[in-house]
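Participant: For the protein sequence lines, the chains are A and B, in the order given.
If you read the first sequence in this note's numbering, its first letter stands for residue 1, the second for the next number, and so on.
If you read the second sequence in this note's numbering, its first letter stands for residue 1, the second for the next number, and so on.
Check the hints yourself; a few may be wrong.
Stated by the list, open to error - Selected chain B positions facing chain A (Cβ under 8 Å, derived; list incomplete): (1) G79; (2) L172; (3) N173; (4) E176; (5) A219; (6) D224; (7) Q256; (8) R276; (9) Y278; (10) G648.
Stated by the list, open to error - Simulated pairs of lysine to aspartate or glutamate, EDC-like, Cα-Cα distance not exceeding 16 Å: (11) A:K145 - B:E549; (12) A:K145 - B:D640; (13) B:K579 - B:D464; (14) B:K384 - B:D475; (15) B:K140 - B:E186; (16) B:K725 - B:D475; (17) A:K152 - A:E131; (18) A:K145 - A:E125; (19) B:K576 - B:E591; (20) B:K213 - A:E125; (21) B:K494 - B:E447; (22) A:K71 - A:D53; (23) B:K213 - A:E83; (24) A:K148 - B:E687; (25) A:K145 - B:E687; (26) B:K336 - B:E218; (27) B:K204 - B:D640; (28) A:K3 - A:E18; (29) B:K626 - A:E76; (30) B:K244 - B:E298; (31) B:K576 - B:E549; (32) B:K262 - B:D249; (33) B:K213 - A:E18; (34) A:K13 - A:D69; (35) B:K577 - B:D694; (36) A:K84 - B:D640; (37) B:K150 - B:E186; (38) A:K13 - A:E76; (39) B:K457 - B:E523; (40) B:K209 - A:E90.
Keep in mind that the hints were calculated from the coordinates and are not lab data.
Keep in mind the model is a prediction, meaning the values are calculated, not measured.
Note that beta-carbon positions come from the ideal geometry of N, C-alpha and C, so glycine has one too.
The chain contents come next:
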Amino acid sequence: MPKYNLHINGSQKSVETEADTPLLYVLRDYLELNGPKFGCGLSQCGACMVLIDGVAETSCVRPVGSIRDSKIITLEGLADNNEKLHPVQEAFVQEQAAQCGYCLNGMVIASVSLLRKNPNPNDSEIREGLELNLCRCSAHSRILKAVKSAAKNL
Amino acid sequence: MIELPKTSRRKFLRNIGYISVGFPLLSSCFAEQDQKIAARINYDGNLPGSMRNASKVNAWLQVLENGRVLVFSGKVELGQGIRMAICQVAAEELDLELDQVEVHLAETGVTPDEGYTAGSGSVPNSAMSVRYAAATARQKLLELASDKLKTSIENLILYGGKVKSKNGNQSLNFAEILEGAQIDLEVTRPVPVKINTEYRYVGKSIHRKDIPKMVRGEAIYIQDLRFPGMVHARVLRPASYQAKLLSIDQSDLTSQVSGVLKTHINGSFVGVIAEREYQAIQAENFLRRKAKWSSGTEFPEEKNLFDHIKSIADPARNVREEGIVSSEFSSKNTIKAKYTKPYIMHGSIGPACGIAKYDGETLHIWSHSQGIYPMRRAISGMLKMEESKIHVISVPGAGCFGHSTADDAAADAAILALEYPGKHIRVQWSRNDEHTWEPYGTAMIMEMEASLDDQGKITAWKSDVWTDSHSLRPDSDPATLLDTRYLENPVQLKGRGYLGGGHRNADPYYDFPNMQVNAYFFEGPLRVSSLRSLGAYSNIFAIESFMDELAEKGDKDPIEFRIAHLTDERAIATLKKLKDITQSQSVKEGEGIGYAFSRYKNNTAYCSIAAKVKVDPETGKVNIQKMWAVGDVGQIINLDGIKNQFEGGMIQAASWTLKEQVRFSGEKISSEDWYDYPIFRFPEIPEVEVEMIDRPNENAEGGGEVSMPPTGAAIANAVYRASGKRVNDLPITSEKILG
Ligand code: FES
Ligand code: FES
């Protein structure tokens, strides 16, 4: 089985698996990370998002063989070295922007990616930025507030 | 009554390891408060139903070795924030800091059997049981401390986990007072509870303790559980509801897919176990290609669904009769309307997961089921295994909104664990499994008829409701579990579950001199069970749409028309407040505001909703600009928590109302994923504003379902005002608006 060296949350990890294994299963099953979640496996819901070279992408269909030298950050890798939360994480806590929280990984990752591209998004830009991300508990209005308040504190 | 005889002493519970939420320290804002003694009053009302089988203090709370308090609840966390609500209530009665309380949610053999976590019942049952148990415990702790410290109770202060004498010379923590025993005392009325004006936590917006863990990606959900040596499994669901497995060629499986450990075939049940999760998925895909299934019965055509329902329904059952409606209906001011609602999905974002391990004696199951004790009864029946040999631990999953698929995934894992003992078997459902096999909220038909007198008052009202069951939750009938119907000797469902849910809220909460409600039950083509608010969403959609039609016919303002038919002041207060909040709204061309009201189950919490929509006259596209809710859940436990529930309910119900419908054709459910079954995405989300009326002297009601029923009708009424088109068949799509 091929072996892959991946840059994940600032360190090198090596994994032996088939090239077509979706990144999500490498992160959850081999590397025992909890941030990225399985929601659909079809790139339709955003639950599995990670940052690939700073940009939010779904990990559930992306084959590990295609990652190469890209740098991957998961939810676990957002806080700084002193465990201080990223302003987006902080804002989600402050706004209590969750019910079950299962979608939260994707919401936080997509928001970090959005704010990196556009530090001052207006309401409709935020909505577009999070369009892929589904939340069935419907905590949307709080999530929107959280992204707005994170933008202020970045 | 009590006592704590040395012989029956129970060991202090050591801190039990469990995945769910261990609590970090809370903000210190509550840390320094005056250690005054809060006044108490005797509560002499009814004790909650949950106390019937768990009537002693130590069923609900125990003191840990370090003096902290461990509270037990048989309810599960569904994202509704029950853990925090229970923590608040316990800390309140025992005058503890919030971080001195730990909450252990449902586990067989450990927590009380509280049935299902459903029907907005967690606060009135579980949290209130904890309140009375904690208040009783407080009294007992004071009595015991008074003996020990040789001073009167009046001279003692119980605060922050200690009992001190007023002069401050002596103090004991709870563990020191109990000396290793627990409070084995019946909770009896009257219970001395804290008076609500002295509350420190109850009614406040207190941050949930699990959200900081969620944002860090800590292990919270069943999907995050990992055990040494755990293996991964998938179950290949049949090709359709009635399909039977004819053959399956597994000959190349292990050469084609690596890591396969075992396949297990029993009747039409096909399970496969592999070392790694992705290998299990590949094995399932391989087996799917190699499986041959018999064909089953076809569904009726979608467009004929409602005719089909009427053709198979039982005769009417009269569920309410007041006065005589028929004589009134001869008047010329009588109108009728028919409403329909399609099958709707729970649509959890996290597909079901179940983990099980058989150690040769006991079958351990980890599940996000809403009712672990009833599920254990069903699994025991399915496996023909004694209940006492099955141990179930509740672990949170993604929000599931009623009886969804958690129990089925647990059953899958249980079956496979017995075949592959000694290892933790983790079964994860796919998105397709979840979408096509979950038990939906049933399709319904609601027919309304009413007559008005010359003053525009309703004199008679009739509701006719066609409904399938609203609960086929697991319990003693093992066929409530999907697998039971596909094993070698399949058992089909006998009962039809809880029928009452179908006519929930079918009788209007208004005062009409003559009223009749009839229910027609049918066993429809799709698998169904309870979905958030059961029949109330559909019935209130019909009633409150019809109320607007009647108001218009009587030339009345819709809010005033409703108030004129209500006598309950709390109901009226929500409508008046809603009117105040929305009064200043200007409505432009193509826009409209609609209103609706309901009291959930006609005897719990109140909610009035307004929706402001814009309808594009060219495309028929509806844009909900804003929704407002005014709620009254009696005494509020956690203000922010209840608002969160209301907001979520409104947005979810708005998505049902405008978009959702389970599609099917031939033998297949064709809503297989989020493209075939679209739900709201961010660009469609309305702004929402929730106002709560706090009634500290009224019973505390749950709020999980309360805002959903009036949301559908408020939107339909707003669409009518904006476009002149009344859509009575859900969902309200642009085609129906233009058509
Ligand atoms: S799990 Fe990847 S998008 Fe849904
Ligand atoms: S909070 Fe449950 S899915 Fe978003």
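Participant: Determine for every hint whether it applies to the structure shown.
Facilitator: Taking the hints in turn, this is what the structure says about them:
The interface hint given for G79 (chain B) holds, since its Cβ lies 3 Å from the closest Cβ of chain A, which is under the 8 Å cut-off. Here the hint on L172 (chain B) is broken, as its CB sits about 37 Å from the closest CB of chain A, past 8 Å. For N173 (chain B), the suggested interface contact is broken, since its CB lies about 31 Å from the closest CB of chain A, more than 8 Å. Against a cut-off of 8 Å between C-beta atoms, the interface hint on E176 (chain B) is violated, since the closest Cβ of chain A lies about 35 Å away.
Annotation: interface hint on A219 (chain B) holds; nearest CB of chain A at approximately 5 Å, less than 8 Å. Evaluation of the D224 (chain B) hint against chain A yields a held restraint, the C-beta minimum of about 4 Å falling below 8 Å. For Q256 (chain B), the suggested interface contact is broken, since its CB lies about 12 Å from the closest CB of chain A, more than 8 Å. Among the interface hints, the one on R276 (chain B) holds; its C-beta lies about 6 Å from the nearest C-beta in chain A, closer than the 8 Å criterion.
With a cut of 8 Å, the hint placing Y278 (chain B) at the interface with chain A holds, because the nearest CB-to-CB distance is about 4 Å. At a threshold of 8 Å, the smallest CB-CB gap from G648 (chain B) to chain A is about 4 Å, leaving the interface hint in force. For a cut-off of 16 Å, the pair hint linking K145 (chain A) to E549 (chain B) is broken: about 37 Å separates their Cα positions. Taken as a hint, the K145 (chain A) and D640 (chain B) pair is honoured in the structure, with Cα atoms around 14 Å apart against an allowance of 16 Å.
Proposed proximity of K579 (chain B) and D464 (chain B) is contradicted: the alpha carbons are some 31 Å apart, above 16 Å. Restraint check for K384 (chain B) and D475 (chain B): satisfied, since their Cα atoms lie roughly 14 Å apart, inside the 16 Å limit. As the CA atoms of K140 (chain B) and E186 (chain B) are separated by approximately 11 Å, the hinted pair is consistent with the 16 Å bound. For a cut-off of 16 Å, the pair hint linking K725 (chain B) to D475 (chain B) is broken: about 45 Å separates their Cα positions.
In summary, the hint linking K152 (chain A) to E131 (chain A) is not supported, as the alpha carbons are separated by about 21 Å, beyond the 16 Å threshold. Of the supplied pair hints, the one linking K145 (chain A) and E125 (chain A) holds, its CA atoms being roughly 13 Å apart against a limit of 16 Å. Of the pairs offered as hints, the one joining K576 (chain B) and E591 (chain B) is violated, with about 22 Å between alpha carbons and a cut-off of 16 Å exceeded. For the proposed pair K213 (chain B) and E125 (chain A), the alpha carbon gap of about 28 Å is over 16 Å, so the pair is violated.
For the proposed pair K494 (chain B) and E447 (chain B), the alpha carbon gap of about 29 Å is over 16 Å, so the pair is violated. For a cut-off of 16 Å, the pair hint linking K71 (chain A) to D53 (chain A) stands: about 5 Å separates their Cα positions. For a cut-off of 16 Å, the pair hint linking K213 (chain B) to E83 (chain A) stands: about 12 Å separates their Cα positions. For the hint linking K148 (chain A) to E687 (chain B), the alpha-carbon distance of about 14 Å falls within 16 Å, and the restraint holds.
A C-alpha spacing of about 11 Å is found between K145 (chain A) and E687 (chain B), which places the hinted pair at or below 16 Å, so the restraint holds. Our distance criterion of 16 Å between C-alpha atoms is broken by K336 (chain B) and E218 (chain B), whose separation comes to about 55 Å. About 8 Å separates the Cα atoms of K204 (chain B) and D640 (chain B), which keeps this hinted pair within 16 Å; it holds. The hinted pair formed by K3 (chain A) and E18 (chain A) meets the criterion: a straight-line CA distance of about 8 Å does not exceed 16 Å.
Simply put, K626 (chain B) and E76 (chain A) have alpha-carbon atoms about 35 Å apart, too far for the 16 Å limit, and the pair is violated. Between K244 (chain B) and E298 (chain B), the direct Cα distance comes to roughly 14 Å. Compliance with the 16 Å bound is thereby established for this hinted pair. Distance check on the hinted pair: K576 (chain B) and E549 (chain B) sit about 20 Å apart at the alpha-carbon level, beyond 16 Å; violated. With a CA separation close to 14 Å, the supplied pair K262 (chain B) and D249 (chain B) stays within the 16 Å bound.
In summary, the hint linking K213 (chain B) to E18 (chain A) is not supported, as the alpha carbons are separated by about 32 Å, beyond the 16 Å threshold. About 12 Å separates the Cα atoms of K13 (chain A) and D69 (chain A), which keeps this hinted pair within 16 Å; it holds. With a C-alpha separation of about 13 Å, the suggested pair K577 (chain B) and D694 (chain B) falls inside the 16 Å cut-off, and the hint holds. With a CA separation close to 25 Å, the supplied pair K84 (chain A) and D640 (chain B) exceeds the 16 Å bound.
Distance hint between K150 (chain B) and E186 (chain B) is unfulfilled; the C-alpha atoms sit about 25 Å from each other, more than 16 Å. Proximity of K13 (chain A) to E76 (chain A) is assessed by CA-CA distance (about 15 Å); at most 16 Å being required, the pair is judged to hold. A threshold of 16 Å between alpha carbons decides the hint, and for K457 (chain B) with E523 (chain B) the separation of about 37 Å lies outside it, so the pair is violated. As the CA atoms of K209 (chain B) and E90 (chain A) are separated by approximately 13 Å, the hinted pair is consistent with the 16 Å bound.
Of the numbered hints given earlier, the model fails hints 2, 3, 4, 7, 11, 13, 16, 17, 19, 20, 21, 26, 29, 31, 33, 36, 37, 39; all others are met.
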